[in-house]
Structures are given as structure tokens and as C-alpha cells.
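S.K.: In order, the protein sequence lines correspond to chains Y and S.
The opening position of the first sequence corresponds to residue 21 in the numbering used here, with each subsequent residue numbered one higher.
The opening position of the second sequence corresponds to residue 141 in the numbering used here, with each subsequent residue numbered one higher.
No wet-lab data here; the hints were simulated from the structure.
Just to be clear, a hint being listed does not mean it is correct.
[Stated by the list, open to error] The calculated DMTMM-like cross-link candidates involving lysine to aspartate or glutamate, where the alpha carbons are at most 20 angstroms apart (straight line), are:
#: 1; chain 1: S; residue 1: Lys1064; chain 2: S; residue 2: Asp1082
#: 2; chain 1: Y; residue 1: Lys41; chain 2: S; residue 2: Asp273
#: 3; chain 1: Y; residue 1: Lys213; chain 2: S; residue 2: Glu517
[As the list claims (entries may be wrong)] Output of the computed footprint for chain Y on chain S, the stretches with three or more beta carbons under 8 angstroms from beta carbons of chain Y:
#: 4; segment: 371-378
#: 5; segment: 447-455
#: 6; segment: 478-486
As the structure is a computational prediction, the values presented were derived from the model and not from experiment.
Don't be surprised by glycine CBs; every beta carbon is placed ideally from N, CA and C.
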Amino acid sequence: MIHSLFLINHLGDIFLEKHWKSVISRSVCDYFFEAREKAVDPENVPPVLQTPHHYLISIYRGKLFFLSVIQTEVPPLFVIEFLHRVADTFQDYFGGCSESVISDNVVIVYELLEEMLDNGFPLATESNVLKEMIRPPNILRSVVNTLTGGSNVGETLPQGQLSNIPWRRAGVKYTNNEAYFDVTEEIDAIVDKSGTTVSAEIQGVIEACVKLSGMPDLTMSFMNPRLLDDVSFHPCVRFRRWESERILSFIPPDGNFTLMTYHISSQNLVAIPVYVKQSISFFEAGSCGRLDITIGPKQTMGKTVEDLKVTVHMPKAVLNANLTASQGNYTYDFTTKLLVWDIGKLNPQKLPNLRGSLSMQTGVPNPEENPSLNIDLKIQQLAISGLKVSRLDMYGETYKPFKGVKYVTKAGKFQVRT
Amino acid sequence: MQEWANQLCENRQFGSKMTDSKYFTTTKKGEIFELKAELNSDKKEKKKEAVKKVIASMTVGKDVSALFPDVVNCMQTDNLELKKLVYLYLMNYAKSQPDMAIMAVNTFVKDCEDPNPLIRALAVRTMGCIRVDKITEYLCEPLRKCLKDEDPYVRKTAAVCVAKLHDINAQLVEDQGFLDTLKDLISDSNPMVVANAVAALSEIAESHPNSNLMDLNPQTINKLLTALNECTEWGQIFILDCLANYTPRDDRESQSICERVTPRLSHANSAVVLSAVKVLMKFMEMLPKDLDYYGTLLKKLAPPLVTLLSAEPELQYVALRNINLIVQRRPEILKHEMKVFFVKYNDPIYVKLEKLDIMIRLASQANIAQVLAELKEYATEVDVDFVRKAVRAIGRCAIKVEQSAERCVSTLLDLIQTKVNYVVQEAIVVIKDIFRKYPNKYESVIATLCENLDSLDEPEARAAMIWIVGEYAERIDNADELLESFLEGFHDESTQVQLQLLTAIVKLFLKKPTETQELVQQVLSLATQDSDNPDLRDRGYIYWRLLSTDPVAAKEVVLAEKPLISEETDLIEPTLLEELICHIGTLASVYHKPPSAFVEGSRGVQHKRLPGSTESGESESPDTASAAAVSDAPPAVIPSQGDLLGDLLNLDLTPPTTTGPPPPASSGMQMGAMDLLGGGLDSLPPIPLRMDTPQSPQLPHQSPSPPDYSPTELGGDLGGSPAIGAGFGAPPAAMPASFSAPVSGGLDDLFDLGGGVGMPMGAYSAPKTVWLPALKAKGLEISGTFARRSGVIQMEMTLTNKAMSVMTDFAIQFNRNSFGLAPAGPLQVLTPLSPNQTIEVTLPLNTVGPVMKMEPLNNLQVAVKNNIDVFYFSCQYPISMLFVEDGKMERQVFLATWKDIPNDSEAQFQIKDCHLSSDAASNKLQGSNIFTIAKRTVDGQDMLYQSMKLTNGIWVLTEMRVQAGNPVYTVSLKCRAAEVSQWVFQSYEAVLKN
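Pulled out of the complex, with its shape left as it was, chain Y reads as follows (with noise of 0.2 angstroms):
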């Protein structure tokens, strides 16, 4: 089980350690800082590495480090998923997950993770159950807490923490009651440089808000629940009313949460946006290359594509780019090679190109690989897979909620190879 936890900045410091079973030397952490210089990026560090005694089993999360060491055979994935989850409740209580904002709330964070994990064993997690436990602060606490002696502790054991829907809290009141659901799906994506596609998928998420008094019942049912055929689901939901009739029945938790995600493989055809027409080229003689972007739309389903942007990844002989944008501007960062477009939303009457030279170090021999385009764009009311609810439903409480369901398809890991 998970032994001990440390965080680590991105300068290496240790700024937070905690031991749920007997002290271990923060010198283990050397292990980690060995393969962290190895590995260049902090992004490609191994996340399990093998010491003499220990294993070291980390995430990389909003650029710290989240490094437990374990003693013991133990599911990896179980680790990293309690890491993530840590973090997530960081920044639920605390609205980041820096090392700044950390360091500010140090005993609540200690007060969280001995909450979280007994002996190692994940004990609460659900944030709900948490929050009755230890309160997240706030100002307005704080001030009453110092003039009162009140405390962020919870004196009484959370009531839904051991019934059969631990997700949700008893007694909850609200007067405006309301459910809102955002279907939010990815597009993962390969485009070659002849414009075919390599791959495509759609990852779908359903993520909930809802402020229901009492104990609501809902069931939400969809228009083409056929394409879902590969789904998990945050416990509430009854899954087995699931297999049989393809309708999602929950009892939600209280406040945020995500409902479901999906995934759409690239067996099913999914259509993409927009297309690149793109050249990039580079000429030994004059050390100069050349660089040609027009994107235009594609299969938008009549919709207008917002936020679009256009990142490169220049090879490192590239020093500087003189170019023009017909919309937009662009960046071009030296240090870390970063061409970036920002476009905006696209006009189907008149594309978006942006054109001119790249200067290059001379006398380095031309660049091997050839740059990836990465391609970010939205596109408001619409679940690109096709996917709609039909309705939504609530037993169990008789006042009337208000509802509401609001899609965006959004590109995600969205690559176009030169």
C-alpha cells in the first residue's frame, strides 16, 4: 500500500512530505531526481521506477510532482489514481494545485490526506464526504474562525458516508433548484500530410452540475444511444438499467461531478472539422525555409468554428519567422521553438492563411524531422459524434427543477503530420 507521499516543484525541492506508516528518508527521492535528469523533460519521467527498497510510483500535475513510495506489490494503477485524486481535491478546495496555494493551506492539506488514505488504504475520497469532514476554507471562515474559535473540522461523522449512496450527503436544501449537464467532446486525431486521416476518435464527457434538494432520482435517456459503446460511469449510476434499456438512472451526487465519459473509436466515422492545407519547407543553400498554412472548414454540420489556433513545433535550427497572417496573429517563441496561430473564428468566405520565410541557423545541416501541426478549435451546441438527450427526467422529490444541456465539441490530441 501506499507508504509515503512527497511533492516535488518543478526545481526539485521538496516542499511537502507525509508518512502513513513508519518515517522514509526523503533521500529515496534521489532515485526520482536521477531519472527526472535523464528524462530531459518533466513530462517524460517514467511514472514507476524501481529502487533497492522501494518502488516510487509519481504523476506530474500542474507542474509538480506527486511522488509516492510503496514497499509492497501493490496495483500501480491504484496508485496513480489515488494521486490524481489527491490532486483533484486540491484543487477543488483550493481552486489550484500549486505549490504556492499548497503551501498556504499546509495543514489542511495534512488534515486531507490522513482523511484520505489510513494505513494506506484510500479511506475517503469522494469530495462531498470530505468537505463535511474538513471544510474547505475561505475567507470569510477564516475571519469568523479567528473572532469565534470555530474550526474547519467537522465534529460529526458525514451521514452518507456509509449508506448505500456514500456520493451523496443528507438534508440537502436549496431554493432555486437546478440540473445543468455539458456534453463535451474531443476530438483525438491524425492527419496525414496528403490530408487523409490516420485515425480519429471522440472522447466524450458528460460532466454534471446539479442543486437538487432532498433526495432526486433522475434518469436521462438519449436520442442515438447506440453510438455509446464503450462508457464508464462515476458510481451512481445504475448499471444495470443501463445494459437493458440504455438509460442512465442515478441518484446524483451533490454539486459537480462527471456523470460519464465515452469513447468513440476510430471504427466509427468521425468527421473532422476542419482541413489544413499546408507546405513547409526548408533550403539548404540560403539557410531560409518556407512556411504556407490555409485551413478552411470541413464537416461542421453548419456551425461556426471558434478559437482556432494553429501550433507548431519548430525543429531547433529555425532562429526566427517572417510571416503574415490574413487573421489573427501569430508568436513565434525562441527558447522552446513554439510557432503559434491564433486565428479566432473561421470565416468559410475567406480562409485564413498565414504565409512567409523561417530564417535558419546557417551552417546547420537541415532539419530531419519534419514539424506537426496541432490544431485547437471549439465549436459551441454541438456533440460532433451526434450524440443528443432526449430527456431528462426526476423522481422522488415533486418540486420542479429547471434543466438544461449544453454540448461543445472541442478538438483534443488534434495533429496534422508535414
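With chain Y held as given, fit chain S onto it using these hints.
M.R.: Here is chain S on its own, set in the frame of chain Y:
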């Protein structure tokens, strides 16, 4: 947005006094001093702030243990937050201040009775975390109460506490009966309690693999499956992992468990998903393949595995390592999902490499075009490691999918044209493998490869290129020039290049003998005379011998048709794969090693096996499983036979070269090789040598990476040609001279010493047996035995000359052995041994020679030299000759020692058909220095207590039971060095029966 951020910043500045960072500010007076004062303050609020400061210091690793008494004083409070903080502190420091921790016990015990379940649970939980022996005694009563508490929150906390306590004091937990209570909790009404009980039991079971804690039967399985639906995600992981250890009775039970587990595949927590996959992969083995449900299950497994790949990169990595196992076991699950493994350029490198591996495993004729296009794309990426692996992958595709080979080769040629140095080198290495899979098919590309010869700077690429040149020497006009160019810097090359160069030039010579004589002589002398690498030298000598004695055989051997390589070599060995499938989701699956191989403190991890399908009959019996476990144990300490012979040889031939890697594993082969070197060529025809090769355990031909430098290739490559005998007059003549000199020199020293003479009889000694047959030693036959006479160990030998010529100049030497046996004097053969003459020689031995553990323990390797040659043989000596005369132990000492040696190191033997009375037996044993210390008669059964001592001071204690009229004796034996037991037993048997 920007505005909002600014506002936030301001708020933060305003609120900075409100945050916990203030706890880090220090004053000049000395932090500890100040904190102490605050902790003892009367104001509750000040106390709390002070404890917070202490905790803050603790989180950054500062030592605040000096404040222990002051913090403990704050413990008795009704403020829950303060109490929690103090508990936090206690857990961290109680271990370093055990006496102080006792002070806290009373409060703990009181809190365990508190009406608030939160406080009860907190108290029992904290007590369990304080790893101090003294506290554990006080913990038992409160814990017992809490395990039966009315509140499930307290019960589930208490369940974990049992595991904590077990970790500190296992005996106590067992004595107090907590384990049974814990087992009862599996049937608890609350699913969280069940989950925690399972988790606690699993953890305890892991440290005590034989405790049989998790007694899984259909009833408990049913309870677990019910709890599975209701407990938290973490609890589900524990329950699924526990289920995976169960073996269903038949395929119907297996199917019903699978049906109840499949909903977990849709869980949001990836660890739950993977644990469910493990259960399904395991239980699927039991389902008949023609069952509809089997097909359904296969289909259901694919989507969740694919979904894991859209998670965070760390999760992806673990998932990919597991998918790698799954596609090897059941490729059909993911055969249509190739595209999800395509690499994105911003994947972390560790994910990229794993994806690539799986792409190759999934490559088939149907998707190869796509895969190749992708691989070609990857070969132009930035990351060098990744590019290399991509190029290698193209080669593996060619080997795996025959239809694609041509495409792969042309892709590789395209890549070579890029002239990117590491791409070219990597391409050449894989093209070599393609040649080995499809010989004589793609030589047209050799010309292109040769163009790039100069740019190769990595040993592996150089070796590969040299192999290609040697293999296809007849088609490369300037092969000799090419190889010669490498030869110039021979000594600067790495070993693998040197070995390759040697073999390639010999191949070239056999193919084009006329032009390359000089070259081959040059390389042979470089390898044998100027190199201190034993591998290289040995291979050089063997070629040399082979070429000079039987060129026809040489040609047959060196240019023999080699087995084709296949993709199989990349696969994990099936039994290991089966075991790893049982460990899906664990560290073992990430490292692709069985847990026993690397998990620290895995006390006797049990090897897991997949259950057999019902068609194939009964599942594995525990006996065979444990037998397999035993055979898996590596014979680490004991070096292989070949190694020892090598040592022996190095002793004589040259100054010791201990730096070389150990010689090959195939001992038969090694023997042959050594005989060759020793000059035994006449008596050892070359044919058996070749026969050894295919039997050797490793088949390096099949390994795609290193081609010729593996030891077995040696056998496969020896050879000669009829046309070349002439060229070899000089080298073989020169060679024996070059090493016979040091041999005699070394052995001559032995003759200076004086020797011993025969001793009167006393102990039993075995009749002589033939150690060295005349056939193997050019007419010298040696038979002999060992004896201990009057306290001196002797080797008694009969030397017979069965050859036609006179033998003189005898000398003897031993290899290092288990008990440091060494000749105490030279071998006394004073007169020359004429043909058909026999001579008896007695050689006194001592035990002060160098020691090395042998297998078997009593093995002795001997070298005997005469004027003709050096011969090697090995023999086994009875361990009884090492029993010394003062081996009688004091009774008291005997008793104490017997008790002191743990019972599990007791060995028991039976001696059958022995008709001596106990006294006669005792006398007989005494003659061999086995002393009877005491005798006891119980129910007509004589118990003899005996002791003996070995020359190296090891005591052996035995109890021998003799029943009048029963010819079977029972001997129980205890010894701190358990290895000797069986040999002692052999001695008993030998002594008593003669």
C-alpha cells in the same frame, strides 16, 4: 480574465495573513523555544495555532520531536480539530519517543469509549498507527470493542487497524483471535466494512503466504460479489484482486462470476477496470471456446482497454504494459484496434515506446500497410530513442509478416538514403536480421549497405555489417578489402565486433581460400596471441585447430545452414506469460517479471497459474505447482561445470585472465572445446562436437539482435575446406609450443615437495573405481578411491599405462573445491611407467587449499599431467573422510545445539536392510569418526545420539533409531549447513553396509 486574476492576487495579498504560510515564519529567538511557550499557553486558540505551526514544520521534514511532551499535553481537549492535529503529530513521532507515547495511552483508551463514533474511530485508527510495541498491549481491548462496534464507520476503521497491528506484532494478533473476527467481518452487512476486511486480510496474507487466511469457497465468493456492487471504488479493487485468486470449480461457476464482474469494466476508475480485466482473463481460461458467452466476453474486453488509453499518460503507461501481455495471450481481443496505438507526437516518450511495441505485436497482413506507413513517419521524429525503435520495428514487421518483407526492405532502404547517422546504423542492424530470416532473397541491397560502411560507429551496427559481409562474401567482390579495413584497428573494436570479424574472415577464407590466407592468419594471431579476452581467444583457437586438422569438417561446421530466426523470440516465454496474466494490474505486470523475482520481502510468493480449461481436465495440483516453484529457483551460487573447467585450464595455460565473461552455459560443448585445447583432438572426433550444438539450451540463431557472437555459434561456425590444408603448416605447429611451455613450467614446481606413505587400515573406504578411462587419456587409465587413515586423508590411485610408449613426469593438481582439498605432496611416481605396467600411488591430502562451493558438494576436479599431455577428470569423495577424530561433542553441548537448530532444518533418512545391532553399528560408525554420545532405549527402540565434525569445523548432529528385528534404521540429522545432510547420509549407508 486578466482582471479577475489581478483581483485574485490582491485578495491573496490581503489574505496572506490568513493562510498557513505564516506558520513558516520564524523569529530570531529560536523557533522551538517559542513554540514550547505557546504550546503551554492557557489560551486555547494560541495552543491550536502553535500545534499548527508544529505540524507545518513537520510537513517540510523539520525535526520537531523535541516538543513531544508539550504537544501531548494538548491532547486532552474537547476541540476536535486540536485533537486531530495532536494525533497527526503523535503518529509521526511516537516511534522515536516510545516512553512519552505511553503518556498518551490513557486518552486513547478513553476516546475509544466516546459517544461520538468519529472520535472512537479516530482514536483506534491513530493508536494503530503508533508503531510502538508498548502501546500495542493497551490497544487490544479497545480494538476488540471497536471491531464489534454498532457503527459501521468504526468497524471499518478497526478492520484496517488489525492489519496495522499485525504488521507490528503478528503473534499478538493471532493470539488475541483478531484474525477470526476479521474473517467474520467479510459477512458484515455493510459493504465498506466488507471491503476493508478484505483489504486487511489481503495485506496480512501477502506477508504470510501460507497462512491460508483467505479461505475462498463458493459462499465467501458470493458474499464478495454482492459487496462488489455496493462498496467504494477502492474496495472494489481489493475485492476483485481477491477474487482473482479463486479457482472456480467448473466452467459454469466461472461463467457466472464473469457475468457478475463484467459491469466493472465500465467503471470510471481505471484500476477497477484493470482488476476486472484480470479476473476475466483468468476465468476465461476455463470457458469452452465454442461457448457463445466466450465470444461475447472477448468482445466486451476490447472497449475498456481502449478507453484506458485516453486517460492521463501515467495511467496509459501502466495500461499499455498490461495490454502488451494481453495481446500476447489473446491477440484476438484487440486485433481491430490498431489505430488507437498510433503514436501522437506529444505523447511522453515512455508511452510512445510502449505503443510501438504493441503495434508490432498486432501487425498482421491485414494492417501491415498502415503500420509501415506509420513507422516510416516515426522514423523522422526528433527523439532518437524512439526513432531507433521505430526502425527496429520495421525489421520486426518484416520478420513477422512474410508478405510485407519486401515492402519493409524498401522502406529501410529509403531510410538509409536519408543518411541520418543513427537511422542508417539501426537500419543495417535490422536488415541483418531480415537476411537471417529470408536468406538469399534481398542481397541486391548489399551494395547500398556497403556504401555506408564508413559512417558506422556503433559496435552493433559494425558487427551486423561485418556479419553480412562474411555471410555473403562470395557475392561481394571486395569482401577481403572491406574486412581488412576493419582489421586495422582490431584492438580498438569492442568484443562483439572482434568476434564477428574473426568469424567473418574465417567464412571468407573458406569461401575464397586462395586470396585470403594471409588475412585469416593475421586475424587468428590477433585473436589468439594479442588478445586477453578468453572468449575471443578460445574461438580463435578452435577455428585454428579445426582449419588445420579437418578442413572438410570445418567447412561443414562454419558454413552450416543456420536455423531461421522468427518473431517468437520477442514473445514472453509462455509459462511466465501465464503467471503474469494472473498478476495483471500489479507491479509484476509493469516489469514483466514474476513477483518473486523482484518484490522486496516477498516471503515465498506463490507462483500463480492460470486455471486449465475444463476440457483439458483437472487443474494443476498444488504439488506440481510447488515443484515448479522450486525448479524456478536460480542456482546462483554454484558456477557451472564449464566455468570450473575453464578455471582449471586457465591455471595451466596462461597467466590468469579473470576478467572475461563466464564461458557458455552448454557444458557438453564446453568439455569438447576444452578437450580440443588440451590436445585431446585425436581421441575426440569432431562429430560429437557438432552434435552438441543443436541440443544446447539457448538458440541464439533465433534471436534477432546479436548474430554470431553467441557461444553456440562457435560450434556452428567451425569449419574448413579441402583445398586449404597446405596453408596451415605453420600456425598449428607454433601453437602447442606456445602453451605447452607454461604448462610444464607450472606443474614442475609441484615436484619439489616430499610425499607421504600408506597408513594402516581403520575406517571404511570404498573400492576403487575408474576415474579416467584410457580411451580419454591417450592410454593412461586412472582408478582410485579416498580413505582416511590415522587422521590423514588419502587419495589412493592405480595408474595403468595402456599405451604403447613409456610415460614419465607425472604431476597432479586439484581445482578449487568445497572443502579446500589439496595434495599435501607431489604425486610419487618415481619410475617411468612402461606399457602395460600398473602402479599403486597414495597421495596424502590436506584441507588448506582454496575453497569454492561445488555441485555436487563433494565433487573434485583433478588435472593429471604426464609427458604426453594434461588430462582432466572429476570424481566424488565420500564425505566421511572429512570427519575428524575430535568429533565427539559434550552431552550438554549436544543437547543445547540440537535445540538451538530450528526443526525445519532437520533432515530424516532411512537406511534399509541393515541387520546390525545398535552396538555393532555404533562401533562401526566410530571407526569412521562418527561418535555415539548417548544411547537411550524406549519401548525396545534404541536411540543413538551421535555427532561428527568436518574438517572445516561444521558439526553434524544425528539421532539414529534402531528397533531390534527391524532392518530399517531411521536417522534424523541436524546441521547448520544443511547442504551436507545428504552426503552424511550417504556415508552412513556406506559405512553401515560394509
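S.K.: Any hints from earlier that this structure breaks? Give me their numbers in increasing order, please.
M.R.: none
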